[in-house]
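Chemist: The residues making up each chain are set out below.
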Amino acid sequence: MKKGILLSLMSLFFVVSMSGQKYFTRDGKISFFSDTPMEKIEAHNSKATSVLDASNGNLEFAVLIKAFQFEKALMQEHFNENYMESSKFPKSSFKGKVTNIKDINLKKDGEYNATVKGQLTIHGVTKDVETTGKFVVAGGKINAKSTFDVAVADYNITIPSVVRENIAKTVKIAVDIKFEELKQ
Amino acid sequence: MKKTILIGVLVLGAIGAITAYFMYNKPHKDMEAADADITLEATALFAAFQADEQAANAQYLDKVVQVSGKVKHVTEEDGKISVTLDSGDEMSGVVCQLDDLSTPSRTDFKEGEQVTFKGMCTGVLLDVVLVRCVEVQ
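In order, the protein sequences belong to chains P and F.
Using this note's numbering, you'd call the opening residue of the first sequence number 2 and step up by one each time.
Using this note's numbering, you'd call the opening residue of the second sequence number 26 and step up by one each time.
Careful, some of the hints might be misleading.
[Claimed, not checked] Keeping only pairs whose Cα atoms sit at most 30 Å apart, straight-line, the calculated BS3-like set for lysine-lysine is:
#, chain 1, residue 1, chain 2, residue 2
1, F, LYS97, P, LYS30
2, P, LYS184, F, LYS135
3, F, LYS54, P, LYS108
These are computed hints drawn from the structure, not numbers from a lab.
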């Protein structure tokens with residue numbers, strides 16, 4: 002019995018001591034940009050969640066599709082109802098790794114290039130992706146940024162022919178995260 | 026006769042163009058004027074998403090949801106203010122991101138204060154997230 006308590010205390014201690022390695026946010030910014038000669042469209046979301054485990058580089062993101070805000074109400078409506086079907090697929094997520102986490106010291110001020118690999122899920126379709134990004138550590142604050150392209154057709158999103166000239170086949174996605182240390 | 030047809034076509038064309046223009050520029054929902062579709066406590070909203078996310082999505086997504094609860098904390102990021110309401114769960118809350126398109130009557134929310142917001146429910150991650158929230162007094 003006593004041994005059991007001791008063991009659970011030890012495992013608790015282990016969890017707590019490891020927790021210094023985890024970073025998270027629930028105010029991450031994710032934007033996307035569709036740029037064609039006919040029309041520029043952008044939408045912003047500042048409520049993405051993300052968790053980074055600095056001990057092994059594991060990185061996760063999640064974002065609610067309906068929380069993307071557009072300048073034009075009609076575009077927001079089309080985006081949700083016709084293209085992303087956000088009632089059926091309310092979230093997009095990323096699960097993967099910062100592959101060069103060993104070269105990044107989040108405790109030390111500086112700029113670090115990062116390579117990220119993993120699975121991106123949009124519109125219920127999961128694809129392997131690889132991109133680069135940057136960690137900027139300044140005064141103990143950690144900012145992670147990345148931009149990458151996503152081909153709309155890869156995620157089974159069909160754009161009707163009437164607006165084909167207005168919506169880019171490849172949209173640019175920008176991620177801008179301020180990580181906080183996870184305290185437990 | 027030909028003239029009447031021509032005028033008719035022109036008028037129809039003009040009506041079409043004007044309709045298209047207004048549809049294209051259709052304004053966002055006026056959250057200050059919007060009536061709440063559903064009114065409940067923040068704890069009840071969170072509990073519904075905890076119990077069955079799919080059912081809660083079907084019930085609350087895209088609805089103007091009015092929630093009342095205790096302020097857990099307030100965050101500001103690039104001028105965007107989010108008020109997190111106590112959900113009864115330590116790790117999670119009900120986040121109300123204030124509306125960008127209207128001017129909030131106040132932003133000095135205090136921890137522990139009882140407040141009511143109406144906003145668009147967008148789903149659950151760690152927290153249940155409501156966007157375009159307006160305080161209800």
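Chemist: Given the hinted pair LYS184 (chain P) and LYS135 (chain F), is their alpha-carbon gap at most 30 Å?
Modeler: Holds, because 23 Å separates the two Cα atoms, which is no more than 30 Å.
Chemist: Taking only the CA atoms, is the gap from LYS54 (chain F) to LYS108 (chain P) under or equal to 30 Å?
Modeler: violated, 45 Å
Chemist: LYS97 (chain F) and LYS30 (chain P): Cα distance at most 30 Å?
Modeler: holds, 22 Å
Checked against the numbered hints given earlier, this structure breaks only hint 3.
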